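Undergrad: For reference, the chains in residue letters:
2 protein chains.
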Amino acid sequence: MEKLRKIDKNRIAQMNKYRVLRCLIQKEPINRAAIAKITDLSIPTVMSIIDDLIKKDIVRSIGKGESSGGKPPDMLEVVPDRFYYIGADVGRTTIRVVANNIVSRQIACFQEPTRDPFPEGKFLERLCEVILRVIDDLKTEKNRILGVGIAMPGLIENETGKVLFSPDFGWNNVPMKDLLQQILPYPIMIKNANHALALNESQPPYEDSLLTTFSVNLGYGIGAGIVMGEDLYAGASGTCGEIGHIVVERNGPLCRCGKKGCLEAVASGEAIARQAQEAIRNGKSSKIRELCGEDSALIDAKLVFEAANSGDSLALEIINKAAEYIGIGLSMAGNVLDPDRIVLCGGLMKNGPYFLERIKSSVQEYKMWQAARQLLICTGAGGEYSTANGACRVLANDLWQRLELPI
Amino acid sequence: MEKLRKIDKNRIAQMNKYRVLRCLIQKEPINRAAIAKITDLSIPTVMSIIDDLIKKDIVRSIGKGESSGGKPPDMLEVVPDRFYYIGADVGRTTIRVVANNIVSRQIACFQEPTRDPFPEGKFLERLCEVILRVIDDLKTEKNRILGVGIAMPGLIENETGKVLFSPDFGWNNVPMKDLLQQILPYPIMIKNANHALALNESQPPYEDSLLTTFSVNLGYGIGAGIVMGEDLYAGASGTCGEIGHIVVERNGPLCRCGKKGCLEAVASGEAIARQAQEAIRNGKSSKIRELCGEDSALIDAKLVFEAANSGDSLALEIINKAAEYIGIGLSMAGNVLDPDRIVLCGGLMKNGPYFLERIKSSVQEYKMWQAARQLLICTGAGGEYSTANGACRVLANDLWQRLELPI
Numbered sequence: 001m002e003k004l005r006k007i008d009k010n011r012i013a014q015m016n017k018y019r020v021l022r023c024l025i026q027k028e029p030i031n032r033a034a035i036a037k038i039t040d041l042s043i044p045t046v047m048s049i050i051d052d053l054i055k056k057d058i059v060r061s062i063g064k065g066e067s068s069g070g071k072p073p074d075m076l077e078v079v080p081d082r083f084y085y086i087g088a089d090v091g092r093t094t095i096r097v098v099a100n101n102i103v104s105r106q107i108a109c110f111q112e113p114t115r116d117p118f119p120e121g122k123f124l125e126r127l128c129e130v131i132l133r134v135i136d137d138l139k140t141e142k143n144r145i146l147g148v149g150i151a152m153p154g155l156i157e158n159e160t161g162k163v164l165f166s167p168d169f170g171w172n173n174v175p176m177k178d179l180l181q182q183i184l185p186y187p188i189m190i191k192n193a194n195h196a197l198a199l200n201e202s203q204p205p206y207e208d209s210l211l212t213t214f215s216v217n218l219g220y221g222i223g224a225g226i227v228m229g230e231d232l233y234a235g236a237s238g239t240c241g242e243i244g245h246i247v248v249e250r251n252g253p254l255c256r257c258g259k260k261g262c263l264e265a266v267a268s269g270e271a272i273a274r275q276a277q278e279a280i281r282n283g284k285s286s287k288i289r290e291l292c293g294e295d296s297a298l299i300d301a302k303l304v305f306e307a308a309n310s311g312d313s314l315a316l317e318i319i320n321k322a323a324e325y326i327g328i329g330l331s332m333a334g335n336v337l338d339p340d341r342i343v344l345c346g347g348l349m350k351n352g353p354y355f356l357e358r359i360k361s362s363v364q365e366y367k368m369w370q371a372a373r374q375l376l377i378c379t380g381a382g383g384e385y386s387t388a389n390g391a392c393r394v395l396a397n398d399l400w401q402r403l404e405l406p407i
Numbered sequence: 001m002e003k004l005r006k007i008d009k010n011r012i013a014q015m016n017k018y019r020v021l022r023c024l025i026q027k028e029p030i031n032r033a034a035i036a037k038i039t040d041l042s043i044p045t046v047m048s049i050i051d052d053l054i055k056k057d058i059v060r061s062i063g064k065g066e067s068s069g070g071k072p073p074d075m076l077e078v079v080p081d082r083f084y085y086i087g088a089d090v091g092r093t094t095i096r097v098v099a100n101n102i103v104s105r106q107i108a109c110f111q112e113p114t115r116d117p118f119p120e121g122k123f124l125e126r127l128c129e130v131i132l133r134v135i136d137d138l139k140t141e142k143n144r145i146l147g148v149g150i151a152m153p154g155l156i157e158n159e160t161g162k163v164l165f166s167p168d169f170g171w172n173n174v175p176m177k178d179l180l181q182q183i184l185p186y187p188i189m190i191k192n193a194n195h196a197l198a199l200n201e202s203q204p205p206y207e208d209s210l211l212t213t214f215s216v217n218l219g220y221g222i223g224a225g226i227v228m229g230e231d232l233y234a235g236a237s238g239t240c241g242e243i244g245h246i247v248v249e250r251n252g253p254l255c256r257c258g259k260k261g262c263l264e265a266v267a268s269g270e271a272i273a274r275q276a277q278e279a280i281r282n283g284k285s286s287k288i289r290e291l292c293g294e295d296s297a298l299i300d301a302k303l304v305f306e307a308a309n310s311g312d313s314l315a316l317e318i319i320n321k322a323a324e325y326i327g328i329g330l331s332m333a334g335n336v337l338d339p340d341r342i343v344l345c346g347g348l349m350k351n352g353p354y355f356l357e358r359i360k361s362s363v364q365e366y367k368m369w370q371a372a373r374q375l376l377i378c379t380g381a382g383g384e385y386s387t388a389n390g391a392c393r394v395l396a397n398d399l400w401q402r403l404e405l406p407i
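Residue numbers (my numbering), protein chains in the order written: chain A, 1 to 407; chain B, 1 to 407.
Isolated chain A, as found in the complex (with noise of 0.2 Å):
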């Protein structure tokens, strides 16, 4: 049902500028005129707005356009580095960082270990190192920089920007924005990381629709996010996609998370390597043995998935059972979110299309007949800066819908 709603004239015209803004970094190079049809606002009130916009040096002019009877019309564009957003992957084993421009172009990236990620304040002023150089980098003033969009694994109290815990940081409760703000002068965002993810994986093709995508991260571990029509759908308490820990067999192997049997503990990358070194040092014969070179130690889920790959039995075996529950996992997606789709990001799934296909057999023996027909399951396309890229979406979204550029 329509809603009643009364809004504030000064924002109605806030909210204009966004519009004009929002038109020309989708359709530009564009003249006046187009953007006042494609808005609905009249053409003296884009004219202003863009007045406004060049005295601001936020867009410019690029000479005049194909006339369509009149004078050649004043072409626009934004000014493409004139604003910074910066987005940080901080993974368990990678810390990742990328400077994007106001158009979402990627302009600089940068990568180093995690390591230790303890004591807390120790590793935050590390990644506080790391995303200043990646900003000094840019040779550019303070104020360009819009803001800085973190991606952590965990539950995220979105509110505070605490992590409430963290399994693959071994964190619980640690206040990350307020430490990370005592270093870095720029607002910012700290979102649990397989939603970013998900927000920049239903990005390119998917824009403007109202789909729901469902994005599922299967690395080391599992985590999913939601994004409906453009916008992450958060839950009430900002936590929603936990699939790694919804538990797919009871008393199963002990997970991070403290419960038994959750679908990470089964078939996430580390179960996966973890299954595979407890065969080995059980004895288990296994081309396995030779890749690591009897050392078990040395075993991770890409080793497993190159022995599997070439045929070896203990190997499919793990490989089998791990995408078998994991399409127990996503049925469960598919019956009660019946999403459009579902994008398979991660590690997992960097290692051939053997994977994929037993994953979505799986998913067809265990869905509901004839439920979540539209489904659709493919693999992710936005490469290992995804998710930083993600973090800066995360931040832009919420940087326009509250409405705090400098514009």
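Quick caveat, the hints were computed from the structure, so don't treat them as lab data. Be a bit skeptical, because a hint or two may be false.
[What the hints assert, rightly or not] Below, simulated DSBU-like cross-link-like pairs (lysine-lysine); rule was C-alpha separation at most 30 Å, straight line:
hint	chain 1	residue 1	chain 2	residue 2
1	A	Lys321	B	Lys260
2	B	Lys321	A	Lys259
3	A	Lys9	B	Lys37
4	A	Lys360	A	Lys284
[Claimed, not checked] Derived list of chain A stretches under chain B, where covered just means 3 residues or more per stretch with a C-beta under 8 Å from a C-beta of chain B:
hint	region
5	43 to 51
6	227 to 241
7	307 to 316
8	353 to 361
[As the list claims (entries may be wrong)] Pairwise CB distance ranges, derived in the manner of DEER restraints:
hint	chain 1	residue 1	chain 2	residue 2	range
9	B	Lys321	A	Val103	54 to 60 Å
10	A	Gln364	B	Asp295	38 to 44 Å
11	B	Gly65	A	Arg144	52 to 58 Å
12	B	Thr45	A	Thr45	20 to 26 Å
13	A	Thr160	B	Pro72	32 to 38 Å
14	B	Gly258	A	Arg144	44 to 50 Å
15	B	Arg115	A	Thr160	54 to 60 Å
16	A	Asp51	B	Pro185	57 to 63 Å
17	A	Asp8	B	Arg115	46 to 52 Å
18	A	Val103	B	Asn172	46 to 52 Å
19	B	Gly258	A	Glu278	47 to 53 Å
20	B	Ile43	A	Lys56	37 to 43 Å
21	A	Gly170	B	Tyr354	34 to 40 Å
22	B	Gly121	A	Gln364	31 to 37 Å
Bear in mind that the values here come from a model prediction, so they are computed numbers and not experimental data. Every residue, glycine too, gets a C-beta built ideally from N, C-alpha and C.
Starting from the known structure of chain A, fit chain B onto it as the hints suggest.
TA: Positioned in the frame of chain A, the structure of chain B alone reads:
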């Protein structure tokens, strides 16, 4: 981000009319100036819309209100019985039909046993008779009936009103809307019964908010619906909420849906009764035997709850296991969807507070720590006609959204 949008002017005029009527429904009695203020429309616009609605006998004056300085204003209300929504809950055991007026007050209700749902055509003829009897009893003109909303257990193709698959009815691909439309001369809308129930159960206290409600129907079968704010979330293919068919016990008992180990196959009313029947047939000693007079075919879930409430250990074992599994299912919904509320409805919830408490403990046991912190679990308050009233609401939302009221 703000969307770029352009809205047709005629549509705006029509939307303004709906906005005024909606304001009246929510705030009546109310005067023209107050409507203008709440809806942010000009006084002349509101006056002209009200004149039109009065002429059509949709709104009426009920005399003068209190003066706030000048002339006492004319107070208005919606003519309550000018229009009716009809809602039918076509359940496995009982058909329930209600008539609600335009301000959503239930003004008539009727029920009778469902009996044999085959052949489908014959059954649907009888359903139409029941619906037409309720409409006849209203003693009103045909054009005052806005439409008929039908709540049906099973997977529905919302666009066509086809029942794709209904385990409760044993139906596959029944073009229900088309068949009903041959008899009923009203707009018809077919919706999954759990979705209709969810919409009704999430309404009264939560309206106009942005809360997510996950409403679960625990009865002979198990299903759910998701309401976000005021709107039903449909999912990509209209089949969301099928929590009864998530697999909680691999290679568990066969489910009516054809899969094994679904939540419904281990924890529904049907599963509770079946487990008790099997135990009694296998000679287990239990109070259940006495309650059913040694005839195991007479055992239903209600009887098992009765035995459990008197302390019978077999009954308690069955009930506790069902509660544990339901808790596993709900903890998944909690982890993945992170709703504000889970509302538990249906026959299983009518057997005292014990079952709810066991379910809550199981959710706590299986839900990820710190996830879904806002989650409130409660029982539904809509009564036995809740699903039928939900069918009216589904129909109403659809007619309002598509601006298809005769106003």
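Undergrad: Against this structure, judge whether each hint is valid.
TA: Now the hints, each set against the structure:
1. A:Lys321 - B:Lys260: holds (18 Å)
2. B:Lys321 - A:Lys259: OK: lysine 321 (chain B) and lysine 259 (chain A) at ~19 Å, within 30 Å.
3. A:Lys9 - B:Lys37: holds (14 Å)
4. A:Lys360 - A:Lys284: Holds - the C-alpha atoms of lysine 284 (chain A) and lysine 360 (chain A) are around 29 Å apart, at most 30 Å.
5. 43 to 51: That given contact is violated, which follows from only 0 residues of the region 43 to 51 of chain A lying within Cβ reach (below 8 Å) of chain B.
6. 227 to 241: Holds: 9 residues of the region 227 to 241 of chain A have a Cβ under 8 Å from chain B.
7. 307 to 316: Answer violated; 0 residues pass the 8 Å Cβ test.
8. 353 to 361: violated (count 0)
9. B:Lys321 - A:Val103: 54 to 60 Å: This hint holds: roughly 57 Å between Cβ atoms.
10. A:Gln364 - B:Asp295: 38 to 44 Å: Since the Cβ atoms of glutamine 364 (chain A) and aspartate 295 (chain B) sit about 42 Å apart, the hinted range of 38 to 44 Å holds.
11. B:Gly65 - A:Arg144: 52 to 58 Å: Holds, at about 57 Å.
12. B:Thr45 - A:Thr45: 20 to 26 Å: Between threonine 45 (chain B) and threonine 45 (chain A), where Cβ atoms are some 22 Å apart, the hint holds.
13. A:Thr160 - B:Pro72: 32 to 38 Å: Given range 32 to 38 Å: violated, Cβ gap about 51 Å.
14. B:Gly258 - A:Arg144: 44 to 50 Å: Violated: the Cβ-Cβ distance is about 60 Å, outside 44 to 50 Å.
15. B:Arg115 - A:Thr160: 54 to 60 Å: 58 Å Cβ-Cβ, so the 54 to 60 Å window holds.
16. A:Asp51 - B:Pro185: 57 to 63 Å: holds (59 Å)
17. A:Asp8 - B:Arg115: 46 to 52 Å: violated (58 Å)
18. A:Val103 - B:Asn172: 46 to 52 Å: Between valine 103 (chain A) and asparagine 172 (chain B), where Cβ atoms are some 51 Å apart, the hint holds.
19. B:Gly258 - A:Glu278: 47 to 53 Å: violated (36 Å)
20. B:Ile43 - A:Lys56: 37 to 43 Å: holds (39 Å)
21. A:Gly170 - B:Tyr354: 34 to 40 Å: holds (39 Å)
22. B:Gly121 - A:Gln364: 31 to 37 Å: Check passed, 33 Å falls within 31 to 37 Å.
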